[in-house]
Each structure stands twice: as C-alpha cells, then as structure tokens.
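Given the structure of chain H, go ahead and fit chain W onto it with the hints provided.
Quick note, the sequences are listed as chains H and W, same order. Using numbering that gives the first Met the number 0, the first residue of the first sequence is number 0, and each one after it goes up by one. Using numbering that gives the first Met the number 0, the first residue of the second sequence is number 0, and each one after it goes up by one.
Since the hints were derived computationally from the structure, they do not count as laboratory data. Mixed in with the good hints there might be a few duds.
Examples of chain W residues lying across from chain H (beta carbon under 10 Å, computed) [said to hold, decoys possible]:
#1 MET48
#2 VAL61
#3 PRO92
#4 ASN115
Each pair of labels, with its calculated beta carbon distance range [said to hold, decoys possible]:
#5 H:THR163 / W:MET87: 56 to 64 Å
#6 W:VAL90 / H:ASN148: 43 to 51 Å
#7 H:HIS171 / W:PHE69: 37 to 45 Å
#8 W:ALA49 / H:TRP11: 50 to 58 Å
#9 H:THR131 / W:LEU82: 43 to 51 Å
C-beta: ideal position from N, C-alpha, C; glycine also.
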Amino acid sequence: MATVQAHTETKWWGGGKSPFNIEYGKLMMWYFLMSDAFTFGAFLISYGTIRFSQNYWPDPNEVFNAFPLAGHANLPLAFVSLMTFILIVSSVTMVLAVHAGHHNDKKGVIKWMIWTVIGGFAFLGCQAWEWTHLITGDHAVLINGEIQNIGTTVTMNPWGPASTVTGADGHHVNTTGPVAFGGYFFGITGFHGFHVFSGVIINVVMLIMTINGTFERRGHYLMIEKAGLYWHFVDLVWVFVFLCFYLI
Amino acid sequence: MEHSVQEVTVHHEPGGKEVVQKIIKTTVILSVITIIELGMGLAMYAWPMAEGLKLFLKGVIVILSLAKAFYIVGIFMHLGDELKNMIMTIVVPLLLFIWFIAAFLWDGNSWKTLRNTYNKPAVENVAPAAHGAGEKH
Numbered sequence: 000m001a002t003v004q005a006h007t008e009t010k011w012w013g014g015g016k017s018p019f020n021i022e023y024g025k026l027m028m029w030y031f032l033m034s035d036a037f038t039f040g041a042f043l044i045s046y047g048t049i050r051f052s053q054n055y056w057p058d059p060n061e062v063f064n065a066f067p068l069a070g071h072a073n074l075p076l077a078f079v080s081l082m083t084f085i086l087i088v089s090s091v092t093m094v095l096a097v098h099a100g101h102h103n104d105k106k107g108v109i110k111w112m113i114w115t116v117i118g119g120f121a122f123l124g125c126q127a128w129e130w131t132h133l134i135t136g137d138h139a140v141l142i143n144g145e146i147q148n149i150g151t152t153v154t155m156n157p158w159g160p161a162s163t164v165t166g167a168d169g170h171h172v173n174t175t176g177p178v179a180f181g182g183y184f185f186g187i188t189g190f191h192g193f194h195v196f197s198g199v200i201i202n203v204v205m206l207i208m209t210i211n212g213t214f215e216r217r218g219h220y221l222m223i224e225k226a227g228l229y230w231h232f233v234d235l236v237w238v239f240v241f242l243c244f245y246l247i
Numbered sequence: 000m001e002h003s004v005q006e007v008t009v010h011h012e013p014g015g016k017e018v019v020q021k022i023i024k025t026t027v028i029l030s031v032i033t034i035i036e037l038g039m040g041l042a043m044y045a046w047p048m049a050e051g052l053k054l055f056l057k058g059v060i061v062i063l064s065l066a067k068a069f070y071i072v073g074i075f076m077h078l079g080d081e082l083k084n085m086i087m088t089i090v091v092p093l094l095l096f097i098w099f100i101a102a103f104l105w106d107g108n109s110w111k112t113l114r115n116t117y118n119k120p121a122v123e124n125v126a127p128a129a130h131g132a133g134e135k136h
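Only chain H is shown next, with the shape it has when bound in the complex (with noise of 0.2 Å):
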C-alpha cells in the first residue's frame, strides 16, 4: 500500500522533497520581504490614517515641481518621475543579470550587476538632491502674524493654505501646513532610501563575489536571485511610495 501511495503523483506534498520546489535562502527571502510589506504597508497607512484627518493637505505637483538646473521653473513631478524610471531600469538590468546567472554567464551577471548597481546610485543621488532642495529651499509662510521664510523639514511645512497677505515683492504667501506632512515624508522616503542604500551596498557584494567566481565554483547565481529579489522589493515599494506622495 504504501509503494503505491509513494508513486501516486498528486498535487500536494507527500514528503520526501522540498515542499515547494524552492530553496530554503530564496523561500525565507520571499517571507522576509512579505513581513517588509508589511513594515512599509503599516508606515503608508499611517500616512493616510493622518491624512485622511486633516482638513487641508498640500498638492504634491505645487511641492515637487523643482529640477536640478532648471532654475525656479516650474516642473510639476519632472524629477520623481525621473527618479521612478531610473529605478524601473534598473529593475530591469537586475532581471538580466538574474536571467544571465540561469545560464551559468559569468560576464552577463557582471556586466548587469554593474548596471544596477550605477542605477541604484542615481537613485540615491537624485533623493539626496531632492531632500536638500526641500530642506533648504525658503518659502515665506505667515505665522503668528510675521512674515517667515522657512523650508520643509519634520517640523516646518510650509505648504499650508493661501494666506490673505503678499509679500513685499508681490510673491504669494502660505500659511503653514499640517506638520505630519514632512514627518512622514522625510520618514517614509528615508526608510525606502534606507532599503535602496542596503539593495546597493548587497549588489556590490554579490557584484565582488561574481568576479572573484565563487558562483561560478557553487555552480550557480542562486544568490544573485535572492539579492534581486530585494532589489525588485525595494522598486515595488517604491511604486506605492511614489503612489501616495506624488500621484495622489
């Protein structure tokens, strides 16, 4: 009886073999970034639990309309929009090297690590860009009254309604905004940019190793596939970062 049940194929697992036909490293990984969803899931519905309670919250397109060079002209989600495609392609140069690690193709995962290891440090640039330009750019807000230039940090916005006065040289003046607005930015952006930073610094590593051919003498890129994993995790939530801070 029991030779004929070990013989009978059947969808579910009967033992003897790994249940889900995946290696234990890329299986924890898969839970590990499951309960990451989680940790950024908890952080944006926080957000919008804050949002949701406020009577006015800024316009994103008034707050990031700024681009490296272009002056004060005014570019509503040009840069994110940059940021989101240099992090879509390197989304992808990840899959290649992924996809060249399958083939035992010890140049390919190379030459595509590099790539996404180049796109992940234009990422991180452009964030760092952005946060400086909002930490330090100036905007005349009225509080208490008086006229005051302040920039956008965890506890200044001053992206708050129109106020009834104009400044001395006819500029349009706020009044301040909901705080929670830069403290979840800055945290929520700081947190992925955190996991994007970790995604780099992993790259390398995998990077260092695929050059000095430990792959290569395992036999296979199975780690190549789990740092892609994250690396793919860290875009996806960007997606949702880039959904409730710019789009929406």
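Below, chain W alone, put in the same frame as chain H:
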C-alpha cells in the same frame, strides 16, 4: 522511500530569447503605465476639475499601481513561476491589507469629522498689525 531531499530549485526558464522578450515586454508595460499615471497626476493639477472626478482619477491611478505591482512581482520576481501553494503563502497574508486600509482610513476620516464638529474653528491668520494700522471698527 526516497531519502534524498531535493534542495536546489528546478530551472524554470527554458530558452534565452523568449525570456528576454518577456522582460522587455514587461518593461514597456511598466513604463507605459507610469506615463499614464503621470499624465493623470498632471491633469489633476493643470485643469480645474470637480472633486468627484479627481477622486475617480485617483482611484484609477491606485488600480494602475496595483497592476504595476502585479507585473513586478509576477514577472520580475518570478513569483508567477513558483508552485501555487508557495504563491498562496505569500499572497494570502497580504489580503489583511484590505482590512487595514479600510479601517485606518475610516478612522482618520472620523477623526477629522469629530474635530471639525466639536473643536472651535482654528483662528484665522490675519495681516500683521503694521499693515492694518488705522483700521478701527
């Protein structure tokens, strides 16, 4: 009974060309969806529109983002190639998000309503005294 435990995954990818084509196709889909999303985001800024229409556009953008997530996870992360049971262990727990999002956004909205109903309206900012000197009521 067999005692050798299989640990390394079976390679799912058959050929090279088809896979690369699939990757390129997915890239194009992701880029096009992103461009559409951006277009809708900018449209909400460029043209004045009713709140209802804005809300509708935002809903469409959310659905498009979910489509992007589906392509990234399914194709780039190869989750679609795994066994169904394994996919379910990842996807089913994420269904909790449906309740999380509904409950917490509802809570935020109720918070706003309560504050607007029971708190005194915020004192409006007025022009600095120097500009309004001489005005007496």
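Results of checking the hints against the structure:
{"no.": "1", "hint": "MET48", "in the structure": "13 Å, violated"}
{"no.": "2", "hint": "VAL61", "in the structure": "7 Å, holds"}
{"no.": "3", "hint": "PRO92", "in the structure": "6 Å, holds"}
{"no.": "4", "hint": "ASN115", "in the structure": "7 Å, holds"}
{"no.": "5", "hint": "H:THR163 / W:MET87: 56 to 64 Å", "in the structure": "58 Å, holds"}
{"no.": "6", "hint": "W:VAL90 / H:ASN148: 43 to 51 Å", "in the structure": "49 Å, holds"}
{"no.": "7", "hint": "H:HIS171 / W:PHE69: 37 to 45 Å", "in the structure": "42 Å, holds"}
{"no.": "8", "hint": "W:ALA49 / H:TRP11: 50 to 58 Å", "in the structure": "54 Å, holds"}
{"no.": "9", "hint": "H:THR131 / W:LEU82: 43 to 51 Å", "in the structure": "47 Å, holds"}
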